[in-house]
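K.L.:
Make a model of the complete structure from these sequences and hints.
Sequential numbering of the sequence shown, starting at 1420, is according to the numbering used here.
It cannot be assumed that every hint is accurate.
[Stated by the list, open to error] No more than 20 Å apart at the CA atoms, straight line, and that leaves these computed lysine to any residue pairs for SDA-like: (1) K1552 with A1478; (2) K1552 with A1519; (3) K1552 with S1457; (4) K1552 with V1542; (5) K1552 with L1565; (6) K1552 with V1456.
[Stated by the list, open to error] Now the in silico label distances, taken between C-beta atoms and shown as ranges: (7) A1445 with V1520: 56 to 62 Å; (8) E1496 with E1454: 35 to 41 Å; (9) G1525 with D1487: 19 to 25 Å; (10) R1550 with V1463: 53 to 59 Å.
The set of hints was computed from the structure by calculation and includes no laboratory data.
Glycine is no exception: its CB is placed at the ideal position from the N, C-alpha and C atoms.
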Amino acid sequence: MFPLGFSVSGSAAIVFVGIFLAFSTAYTASANGFERVSDANSAVDEEALERQNTALSVANATYDASNDTLVVDVVNEGTTTLSVNATDLLVDNTYRDDYAVRRVAGDNSTDLWLPGERLHLEVSTSTQPNRVKIVSGPGVAVTEVL
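P.N.:
Here is the structure:
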């Protein structure tokens, strides 16, 4: 056998250190990527659960021709607390955010729409609409034909 010189031993050590550094970098990157994917999957699962626990029903949708006002009352029948600001109203497929009145359980200042509470909306419109749709923050919607 030929004795190994320093150059062979030194180059082998450098190669092994390089492999170790490359593996540790690759492991860190893959672990961070896996953690991000796992967090995203958890967020999707939480949003799906929130949608499943959200239910709306239209208690009243009437047009008052004497003062050109559409009155809509919607009840939060699910178990999810909803945001009033994240709730949208569509009147004949037109987005409406110009509420004359928007209140929950008689309170004009709250943004919380708790389960069992009624959201009261009033908007001005010159003609009687055919359909209204209310869309909650999680994406659950209810439609009422007038």
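K.L.:
Take a quick look at whether K1552 and A1519 sit within 20 Å of each other, Cα to Cα.
P.N.:
holds, 17 Å
K.L.:
Is the straight-line distance between the alpha-carbon of K1552 and that of V1542 20 Å or less?
P.N.:
holds, 13 Å
K.L.:
Given the hint of 35 to 41 Å, is the C-beta distance from E1496 to E1454 inside that range or not?
P.N.:
The hinted range 35 to 41 Å holds for E1496 and E1454, with Cβ atoms some 37 Å apart.
K.L.:
Given the hint that K1552 pairs with L1565, test it: the Cα-Cα distance must not exceed 20 Å.
P.N.:
holds, 11 Å
K.L.:
Taking 56 to 62 Å as the stated bounds, is the beta-carbon spacing between A1445 and V1520 within them?
P.N.:
holds, 60 Å
K.L.:
Holds or violated: 53 to 59 Å for the Cβ distance of R1550 and V1463?
P.N.:
With a Cβ separation near 31 Å, R1550 and V1463 fall outside 53 to 59 Å, so the hint is violated.
K.L.:
Does the alpha-carbon distance linking K1552 and V1456 stay inside the 20 Å limit?
P.N.:
violated, 35 Å
K.L.:
Against the 20 Å threshold, does the CA-CA distance of K1552 and A1478 hold or violate the hint?
P.N.:
holds, 13 Å
K.L.:
Does the hinted range 19 to 25 Å hold for G1525 and D1487 at CB?
P.N.:
holds, 24 Å
K.L.:
Compare the distance between the alpha carbons of K1552 and S1457 with 20 Å, and conclude whether the hinted pair is satisfied.
P.N.:
violated, 35 Å
Taken one by one, the earlier hints fail for this structure at numbers 3, 6 and 10, listed in ascending order.
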